[in-house]
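Work out the full structure: start from the sequences and follow the hints.
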Amino acid sequence: MSTIAKLSGDDFDRMVQRGAFVDLEPMKIELIYGELRFMNPAGPVHEGEIEDLTDWSYANTNRREISIRVQSSINCGNHRPEPDLAWVRKMSSKRIRPTHKEVLLIIEVADSSAAQDLGEKAGLYAEHGIPEYRVVGIPAEQIQVHQAPHVGRYQSIRPFDKSTSISPLCQPSANLSLAELFDLDS
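Quick note: to get our numbering, add 2 to the position in the sequence shown (first position is 1).
Misleading hints may appear alongside valid ones.
Said to hold, decoys possible - Listed next, the in silico BS3-like pairs over lysine-lysine satisfying Cα-Cα at most 30 Å (straight line):
hint: 1; residue 1: K96; residue 2: K8
hint: 2; residue 1: K8; residue 2: K30
hint: 3; residue 1: K92; residue 2: K30
If you are wondering where the hints come from, they were derived from the structure by calculation, not from laboratory data.
This is the structure:
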């Protein structure tokens, strides 16, 4: 009989500090529900979408108030997800990982990870009160916007196609044209 040992967030942090995963680089690892999850490497379209979203984020936020975190982990209790993009309230220290309480917006770009991003991760982010979570679906050229977290679920989940523009709750002036985002030749 085999036994699975669940890790706490503190266990994971200690392992990272001690270099436990150095030999696995450039593989990316997240801690989700106590389990180490190995993430599929991003392809060129995935990387391009992250680059475009990062440019849009920097152009549309006040850098004194909001930090843009790209593929960096956040502290959600005993979980250490590593979203593609997170808008986080500016913190006074760079020595600690931001917690879910500082997160304003999370964006995941989904190609092969759509099922996990729309299922387990949506539940995790809702459980921790992340006010807005977006999943950019590459094949469908659609963004699913999750808002109003309550009791581990988002009360509002709306799909938007490339004919629309959307803005985050925390920055209504930050208009994102989905036609431009999904224009793969630009």
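Comparing the hints with the structure gives:
About 28 Å separates the Cα atoms of K96 and K8, which keeps this hinted pair within 30 Å; it holds. For the proposed pair K8 and K30, the alpha carbon gap of about 18 Å is at most 30 Å, so the pair holds. For the suggested pair K92 and K30, the alpha carbons sit about 25 Å apart, so the restraint of at most 30 Å is met.
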